[in-house]
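Note that the protein sequences, when read in sequence, are chains E and B.
Each step along the first sequence adds one to the number in the numbering used here, with nothing skipped, and position 136 is 122.
Counting the second sequence from 1 gives a position; the numbering used here is that position plus 549.
FYI, nobody ran anything at the bench for these hints, they're computed from the structure.
Source: prediction; values computed, not measured.
Note that CB positions come from ideal geometry on N, CA and C, so glycine has one too.
Keep in mind that the hints are not guaranteed to be accurate.
As the list claims (entries may be wrong) - Far from chain B by the CB rule (all over 12 Å, computed), these chain E residues:
(1) LYS70
(2) GLY71
(3) GLU92
(4) ASP100
(5) SER103
(6) ILE171
(7) LEU229
(8) LEU243
(9) PRO245
(10) LEU268
Unchecked claim - Computed footprint of chain E on chain B; a stretch qualifies when at least three of its residues, placed anywhere within it, have a C-beta under 8 Å from a C-beta of chain E:
(11) 587 to 593
(12) 623 to 631
(13) 693 to 707
(14) 741 to 747
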Amino acid sequence: MLDYLVSLSVFAGLYALLALGLNLVWGLGGMVNLGLAGFYSIGAYVSALAALHLHLALPLAALLAALLAGAAGAALAVVTSRLKGDYLAIVTLGFAEVIQLIAANEIWLTNGTDGLSAIPAPGRGKLSPFHFDLAAAATVWIVLALIALGLVRLSRASYGRVLRAIREDETVARVAGKRVLAFKIGAFAVGAAVMGLAGSLYAAYDGYVAPDSFDVLVTVLVVLALTAGGVGNMAGAVLGSALVVALTEGTRFLGGLLPGLSALQVASLRQGAIGFFLLLLLRLRPQGILPERMRVHRLDG
Amino acid sequence: MIAAFLQAVVNGALAGSVLALPALGFNTVYAVLRFPNFAVAGLATIGAYAGWVANALWGWPAPAAILAAFVAGGAAGALCDAAALKPLRPLGALAAAIGSVALNIVLENAVRFAFGNNPRGYDLPVFRDWRFGAIGIGPQEVEDAAIALLAMAAVFLLLRTTRIGKAMRAVSDNATLAESKGIDPVRVAWAANILGLGLCGIGGMLVALDTSLDPLTGFRVLLSIFAAAVVGGLGSIPGAVAGAFVVGIGEELSTLVVAPTYRTAMGFLAILIVLSFRPRGLLGERAY
Chain E
-13 MLDYLVSLSV FAGLYALLAL GLNLVWGLGG MVNLGLAGFY SIGAYVSALA
37 ALHLHLALPL AALLAALLAG AAGAALAVVT SRLKGDYLAI VTLGFAEVIQ
87 LIAANEIWLT NGTDGLSAIP APGRGKLSPF HFDLAAAATV WIVLALIALG
137 LVRLSRASYG RVLRAIREDE TVARVAGKRV LAFKIGAFAV GAAVMGLAGS
187 LYAAYDGYVA PDSFDVLVTV LVVLALTAGG VGNMAGAVLG SALVVALTEG
237 TRFLGGLLPG LSALQVASLR QGAIGFFLLL LLRLRPQGIL PERMRVHRLD
287 G
Chain B
550 MIAAFLQAVV NGALAGSVLA LPALGFNTVY AVLRFPNFAV AGLATIGAYA
600 GWVANALWGW PAPAAILAAF VAGGAAGALC DAAALKPLRP LGALAAAIGS
650 VALNIVLENA VRFAFGNNPR GYDLPVFRDW RFGAIGIGPQ EVEDAAIALL
700 AMAAVFLLLR TTRIGKAMRA VSDNATLAES KGIDPVRVAW AANILGLGLC
750 GIGGMLVALD TSLDPLTGFR VLLSIFAAAV VGGLGSIPGA VAGAFVVGIG
800 EELSTLVVAP TYRTAMGFLA ILIVLSFRPR GLLGERAY
């Protein structure tokens, strides 16, 4: 049971990382990014391939994963820089689908739908499974704490203020002499890099990556986590992720409550429940449990 | 080479005419309600299954089964919209769009719960391809395209001549002005949802006839539907049809150069190219 909880805390930490990355782009920058499963996937595959073929240690593989996911984020931001709202939602969702398509079809690189297995990670095989999970949980949560600290500082610094200004009114920010495009590309790239980092940790922890692990459901789960916690709020992103993992795992016991259903039916009920909860949440508390607090900034002197 | 090119153009035009229906539905909903409804994928799948139940289980002929697909897609879509998405629209287009992604997951899993993951087959005769020199054409594809063209003609007539059609165009042009002229926005929203999502239902069934019927039938063409809608201009009715032909032919031509599994990625490429040069699509965003 303890082992199970530790393993859940790894996933809660990973979702929290994804939610933090999304929060930077969407919460602060006001740019919707429904392509987060794509960046998560890029991070996981880059890290897995670097560990399998280049024999890179996890920190280096994770750095490479974050860099490449960030570069993909910057490229997508450049291409979509003139798009807003509806179009951005469509293009980013499409981006994630294309990444999944590539992962499933470039068999020489990704081993197709069979996925990459036996991805090395520090301590795997040497530690007992329980201690490995414990070490993984500690790693994920330390990385999460560092990233959260960095992002909170970034959002309180002038960078975050400019991003919020762009979110509220792009024209005003531009008139105030801010280089709007550079800020948007930067936020998209940093957000994507954080998602890539989460992917790298996922690949190392799970030891197996396949295209199915990065479908649109991941995006829905993270949007749910961020919406539950409160868009624009870093602590909310972490709290929301814990709630989402509690929800996805809590529904695991549905099967026991509803005898006579096949495993597939229970699985479809669980997935459907996730969509249902997101709809309910958007309806009842769209600002989340911890809404963004607006700070008033005064000029010094 | 020329034969392969012509064959791809013919196949693309046939595929494009089928794709035009869900794209038309997506844009009809967008024109009136001003948000991208991602649940079109799940509703296309529901239409396809309704057609399958009518045809394979109840023994209805194809035209009646297609009507069942329209009714199921339109009714399920309009009811789900009223229950789940309508309350989100005041929060903004984005909240409704994200809600529709969640709704799509609910719908897809409802289908999986009821019918399982195994692919199903319609109870329809299989014909051999007609040959015209080096070019082969499948009678099934031609029939699908003909049905799609008929449905499109009906939509254009409805928008052009009927009272509710004119009301829909008025709301999409200027919702405030339309309301001040006494057009009831709630009725128009219902009409747009039933018409648009019903078209997605028919589109889903035609796609399933062409490919296969399982809970992901609609989702597999979602990228192509977006591409057709965006390339033609979000919310533009003739744009959806033009965009569907561009995307359908583009996808088929791409198979001459890249692996056929990347067909749907071409839709994404088309979106990026068109939006780089015409950010509002080929025909702009005006509905009609």
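Once the closest CB in chain B is found, is it more than 12 Å from PRO245/E?
holds (16 Å)
Closer than 8 Å Cβ to Cβ for three or more residues is the test here. Does the stretch 741 to 747 of chain B pass it with chain E?
violated (count 0)
Would LYS70/E pass as off the interface with chain B, using Cβ distances and a cut of 12 Å?
violated (9 Å)
Does SER103/E sit more than 12 Å from chain B, CB to CB?
The claim stands: SER103/E keeps its Cβ more than 12 Å from every Cβ of chain B (closest is about 22 Å).
Coverage of the stretch 587 to 593 of chain B by chain E (three or more Cβ within 8 Å):
violated (count 1)
Closer than 8 Å, Cβ to Cβ, for at least three residues: run that test on the stretch 693 to 707 of chain B against chain E and report holds or violated.
violated (count 0)
Per the stated criterion, does the least C-beta distance between ILE171/E and chain B lie above 12 Å, as a non-interface residue requires?
The claim stands: ILE171/E keeps its Cβ more than 12 Å from every Cβ of chain B (closest is about 16 Å).
Are all beta-carbon distances from GLY71/E to chain B longer than 12 Å?
Given a closest Cβ separation of 6 Å, the condition is violated.
At 12 Å, judged by beta carbons, does GLU92/E keep clear of chain B as stated?
Since the minimum Cβ distance to chain B is about 9 Å, GLU92/E lies within 12 Å and the statement is violated.
Taking beta carbons only, do three or more residues of the stretch 623 to 631 of chain B come closer than 8 Å to chain E?
violated (count 0)
Beyond 12 Å from every Cβ of chain B: is that where the Cβ of LEU268/E lies?
Given a closest Cβ separation of 5 Å, the condition is violated.
Interface exclusion of ASP100/E relative to chain B, criterion Cβ beyond 12 Å:
Answer for ASP100/E: holds, closest chain B Cβ roughly 15 Å.
In this structure, the hints that do not hold are numbers 1, 2, 3, 10, 11, 12, 13, 14, in rising order.
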